[in-house]
Amino acid sequence: MLDQEIKSQLKEYLQLLENDIVLKVSFGADDVSKEAEELVNEIAGMSDKITIEQGEFPRTPTFSVNRPGEDSGIAFAGVPLGHEFTSLVLALLQVSGRPPKADVKLLEQIKQLQGPLHFESYVSLSCHNCPDVVQALNLMSVVHPAITHTMIEGSAFKEEADDNGVMAVPSVFLNGESFVNGRQTLKSILEKLGNTTVDVSGLNDKEAFDVLVVGGGPAGASAAIYAARKGIRTGVVAERFGGQVQDTMGIENFITTKYTEGPKLAASLEEHVRDYEVDIMDSMRAKSLEKKDLFELELENGATLKSKTVVLSTGARWRNIGVPGEAEFKNKGVAYCPHCDGPIFEGKDVAVIGGGNSGIEAAIDLAGIVKHVTVLEFLPELKADKVLQERVYSLPNVTVITNARTSEIYGDQKVQGLRYVDRETEEEHSIELAGVFVQIGLVPNTEWLEDTVERSKFGEIIVDKRGSTNIPGVFAAGDCTDSAYKQIIISMGSGATAALGAFDHLIRN
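Counting from 1, position 501 in the sequence shown corresponds to residue 501 in UniProt numbering; the numbering is continuous, with no gaps.
Among the hints, a few may not be true.
Claimed, not checked - With beta-carbon atoms standing in for the labels, derived distance ranges:
1) Glu159 - Val387: 35 to 45 Å
2) Thr425 - Tyr276: 52 to 62 Å
3) Asp20 - Phe57: 16 to 26 Å
4) Pro145 - Gln9: 30 to 40 Å
5) Tyr276 - Thr399: 49 to 59 Å
6) Thr304 - Gln114: 30 to 40 Å
Said to hold, decoys possible - Here are the simulated lysine-lysine pairs, DSS-like style, with alpha carbons at most 25 Å apart:
7) Lys111 - Lys192
8) Lys292 - Lys306
9) Lys306 - Lys291
10) Lys414 - Lys332
11) Lys158 - Lys348
12) Lys230 - Lys291
13) Lys206 - Lys306
14) Lys292 - Lys206
15) Lys486 - Lys386
16) Lys330 - Lys414
17) Lys414 - Lys371
18) Lys230 - Lys465
19) Lys457 - Lys383
20) Lys192 - Lys101
21) Lys49 - Lys34
22) Lys11 - Lys264
23) Lys7 - Lys34
24) Lys371 - Lys158
25) Lys330 - Lys192
26) Lys348 - Lys332
27) Lys49 - Lys7
28) Lys371 - Lys332
29) Lys34 - Lys11
30) Lys158 - Lys414
31) Lys330 - Lys348
32) Lys486 - Lys264
33) Lys287 - Lys457
34) Lys206 - Lys287
35) Lys306 - Lys230
36) Lys291 - Lys206
37) Lys158 - Lys330
38) Lys101 - Lys187
39) Lys101 - Lys11
40) Lys308 - Lys292
If you're looking for bench data, these hints aren't it; they were derived computationally from the structure.
No residue lacks a Cβ here, since even glycine has one placed at the ideal position from N, Cα and C.
Sequences and hints are given; from them, build the entire structure.
Next up, the structure:
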């Protein structure tokens, strides 16, 4: 089941078990049960602190991770491999008594929740967003005796997922009712449960920063490190550290590393920033920026932070096509992440809107999972690199339609098809399908700035070679700017430039 390298790593982790744990199991004769049983037996065979007992669960195969004589509430329905293997390892360690790595305030908020709270999360093993949710809910189950969580492998319980209308992962149900979809943090889950408060007064009372970085992606992390290395007071405000990199799967063009994945790179970015004396304020969104004696950044939670200079690195997000049905069917057939949601459409027909690199890469990935992929490109020709075009045109279950203007996504409770207009003939056509993946580029996260700084017609912040905006003391970097190319490594370089520009501004003014 596990290759030798993973076995060696797992054996090292299992040496960290604090106390005995019991794996309660319920397996059948099906292939998934055989895989789950093999996995559990391998794990138990690596540590004398792990034993196996028979258990009863509503789904087969399922196994739970428990303390002797006590149910932890953490269960895995299916085989938690792929991106969920880390979730399994953390569950083993935490149930054994190893303290979870979480903010003390959040742990106290979990303890104050009113139970019972029974969570079920449908995941895909190829989804890199799902582990954050699974690990957060598992942690809650470890901390609070009235909270339980079952991770459900969607492909192993496909009929159940379909019956519950699961069209995107992660999809979380609470006490049998739909709760949240998409990537979540522990803090955001607690917010949705109405059990988290922000110490606004504590934020307002913070000493003014020398450099305040708004955004925690590659540009923001780079800016924070370069500023902190100058020995000046540095702060970072981020809605989520790592930014859009968290939603990126394979990264093969980051120099010095042949291959890495977005969540791994994002974790490394945060770890590097935390090596310095940087005040990181995460899960917070900026609302407005105003110049008074100092720059004042108002947050959506009502707090205001002050700084002598500001680096804007708010990044970008996936662009919507803006047609009827897109918003209505989001997570009900309309998706933006082929890695996360592709397995849900196994054996079905889907469309990819967008013929650039992202769109064609998505089509190639999906072609190995779904029945058929239709690529719709607005322009007369695909914009993707030649090597990608050659690959996609070689696939027998991919159809490419150019000069196609998507006009509507339609369905009843979920997507049933889309309509597009042939831009040459103005004829409208319909395609019956189960899913639509939107891959048409990015839009900068700059709406909140309104008329504060000069922006291009596309909403990008206009900067000079030093990262300066039209407002002295305000700098910008990364995908939110008018940089010619949107790449991780370019964002990092521009973040460094903006921080150095801010430092130069400080010593000259």
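Verification of the supplied hints:
Look at glutamate 159 against valine 387: about 39 Å separates their beta carbons, and that is inside 35 to 45 Å. In this structure, threonine 425 and tyrosine 276 meet the distance hint of 52 to 62 Å, their C-beta atoms being roughly 59 Å apart. For the pair aspartate 20 and phenylalanine 57, the supplied restraint of 16 to 26 Å holds, since their beta-carbon distance comes to about 21 Å. Take proline 145 and glutamine 9: their Cβ atoms lie about 31 Å apart, and the range 30 to 40 Å holds.
Evaluation of the 49 to 59 Å hint for tyrosine 276 and threonine 399 yields a pass: the beta carbon distance comes to about 51 Å. With their beta carbons about 33 Å apart, threonine 304 and glutamine 114 fall inside the hinted range of 30 to 40 Å. As the CA atoms of lysine 111 and lysine 192 are separated by approximately 16 Å, the hinted pair is consistent with the 25 Å bound. Between lysine 292 and lysine 306 the CA atoms are separated by roughly 10 Å; this keeps the pair inside 25 Å, and the hint holds.
Between lysine 306 and lysine 291, the direct Cα distance comes to roughly 10 Å. Compliance with the 25 Å bound is thereby established for this hinted pair. Taking the CA atoms of lysine 414 and lysine 332, the gap is near 5 Å; set against the 25 Å cutoff, the hint holds. The hinted pair formed by lysine 158 and lysine 348 meets the criterion: a straight-line CA distance of about 13 Å does not exceed 25 Å. As the CA atoms of lysine 230 and lysine 291 are separated by approximately 24 Å, the hinted pair is consistent with the 25 Å bound.
A distance of roughly 8 Å separates the Cα atoms of lysine 206 and lysine 306; the hinted pair therefore holds under the 25 Å criterion. For the hint pairing lysine 292 with lysine 206, the CA-to-CA distance comes to about 17 Å; that is within 25 Å, so the pair holds. Restraint check for lysine 486 and lysine 386: satisfied, since their Cα atoms lie roughly 19 Å apart, inside the 25 Å limit. The straight-line distance between the Cα atoms of lysine 330 and lysine 414 is roughly 9 Å, inside the 25 Å bound, and the hint therefore holds.
Restraint check: the Cα-Cα separation between lysine 414 and lysine 371 comes to about 18 Å, which is no more than 25 Å; the hinted pair holds. Annotation: proposed proximity of lysine 230 to lysine 465 holds, straight-line Cα distance about 20 Å (limit 25 Å). With a CA separation close to 22 Å, the supplied pair lysine 457 and lysine 383 stays within the 25 Å bound. This hinted pair checks out: lysine 192 and lysine 101 have alpha carbons roughly 21 Å apart, not beyond 25 Å.
Distance hint between lysine 49 and lysine 34 is fulfilled; the C-alpha atoms sit about 23 Å from each other, no more than 25 Å. In summary, the hint linking lysine 11 to lysine 264 is supported, as the alpha carbons are separated by about 21 Å, within the 25 Å threshold. Our distance criterion of 25 Å between C-alpha atoms is met by lysine 7 and lysine 34, whose separation comes to about 19 Å. Distance check on the hinted pair: lysine 371 and lysine 158 sit about 16 Å apart at the alpha-carbon level, within 25 Å; holds.
For the suggested pair lysine 330 and lysine 192, the alpha carbons sit about 19 Å apart, so the restraint of at most 25 Å is met. Between the alpha carbons of lysine 348 and lysine 332 the distance comes to roughly 14 Å, so the proposed pair stays at or under 25 Å and holds. Of the supplied pair hints, the one linking lysine 49 and lysine 7 holds, its CA atoms being roughly 17 Å apart against a limit of 25 Å. Taken as a hint, the lysine 371 and lysine 332 pair is honoured in the structure, with Cα atoms around 18 Å apart against an allowance of 25 Å.
A C-alpha spacing of about 22 Å is found between lysine 34 and lysine 11, which places the hinted pair at or below 25 Å, so the restraint holds. A hinted pair counts as satisfied when its Cα atoms are at most 25 Å apart, and lysine 158 with lysine 414 qualifies at roughly 16 Å. This hinted pair checks out: lysine 330 and lysine 348 have alpha carbons roughly 18 Å apart, not beyond 25 Å. A threshold of 25 Å between alpha carbons decides the hint, and for lysine 486 with lysine 264 the separation of about 20 Å falls inside it, so the pair holds.
A hinted pair counts as satisfied when its Cα atoms are at most 25 Å apart, and lysine 287 with lysine 457 qualifies at roughly 21 Å. Between the alpha carbons of lysine 206 and lysine 287 the distance comes to roughly 18 Å, so the proposed pair stays at or under 25 Å and holds. A hinted pair counts as satisfied when its Cα atoms are at most 25 Å apart, and lysine 306 with lysine 230 qualifies at roughly 19 Å. For the suggested pair lysine 291 and lysine 206, the alpha carbons sit about 18 Å apart, so the restraint of at most 25 Å is met.
In summary, the hint linking lysine 158 to lysine 330 is supported, as the alpha carbons are separated by about 20 Å, within the 25 Å threshold. For the suggested pair lysine 101 and lysine 187, the alpha carbons sit about 13 Å apart, so the restraint of at most 25 Å is met. With a C-alpha separation of about 21 Å, the suggested pairing of lysine 101 with lysine 11 holds against the 25 Å cut-off. For the proposed pair lysine 308 and lysine 292, the alpha carbon gap of about 10 Å is at most 25 Å, so the pair holds.
Hint compliance for this structure: no hint is broken.
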